[in-house]
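Using the sequences provided together with the hints, build the complete structure.
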Amino acid sequence: MTEQLQHAIEALQRLPAEAQNAIAQRILEEIEEQEWEAIVSKPRVQARLRELGRQALEEDRAGETEEGGFDGR
Numbered sequence: 008m009t010e011q012l013q014h015a016i017e018a019l020q021r022l023p024a025e026a027q028n029a030i031a032q033r034i035l036e037e038i039e040e041q042e043w044e045a046i047v048s049k050p051r052v053q054a055r056l057r058e059l060g061r062q063a064l065e066e067d068r069a070g071e072t073e074e075g076g077f078d079g080r
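If you want my numbering, it's the 1-based position in the sequence shown plus 7.
Some hints could be false.
[As the list claims (entries may be wrong)] Cβ pair distances, simulated, as ranges:
(1) E71 x E10: 52 to 60 Å
(2) P50 x G75: 26 to 34 Å
(3) E71 x Q11: 48 to 56 Å
(4) T9 x A29: 48 to 56 Å
(5) A24 x E74: 40 to 48 Å
(6) L56 x L12: 31 to 39 Å
(7) Q20 x D78: 25 to 33 Å
Everything labelled a hint here was simulated from the structure, so no lab data went into it. Since this is a predicted model, take the numbers as computed values, not measurements. Beta carbons are placed, not taken as given, at the ideal position from N, Cα and C, and that holds for glycine.
Structure below.
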């Protein structure tokens, strides 16, 4: 653990529990975002995403898609 992170954690421990939880949630979200970025930045994943996008556009042009949202409406 770096000195700066240790200092931040010590300061965080002095805050009320609600504030600690809010900051912890933001930290966890940032870590999750960095993990996701590491996954999707891989060349193999980028190639697969491009292929899926190409397929989706092809299906749309062929009239094989339906209007709607992600919630099924």
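Task: Pairwise beta carbon distance, Q20 to D78, judged against the given window 25 to 33 Å - done: For D78 against Q20, whose Cβ atoms are near 41 Å apart, the range 25 to 33 Å is violated.
Task: CB-CB spacing for Q11 and E71 relative to the 48 to 56 Å hint - done: holds, 53 Å
- [ ] Could you see if the CB distance from E71 to E10 stays within 52 to 60 Å?
- [x] At roughly 57 Å between Cβ atoms, E10 and E71 fall inside 52 to 60 Å, so the hint holds.
Open item on the list: Please check whether A24 and E74 have a Cβ separation lying inside 40 to 48 Å.
Closed with: holds, 46 Å
Open item on the list: Just to be sure I understand the hint, the distance between the Cβ atoms of T9 and A29 should be within 48 to 56 Å; is that true here?
Closed with: Given range 48 to 56 Å: violated, Cβ gap about 22 Å.
Task: Consistency of beta-carbon spacing, G75 to P50, with hint 26 to 34 Å - done: holds, 32 Å
Task: Consistency of beta-carbon spacing, L12 to L56, with hint 31 to 39 Å - done: Check passed, 33 Å falls within 31 to 39 Å.
Comparing the model with each earlier hint shows violations of hints 4 and 7; every other hint is respected.
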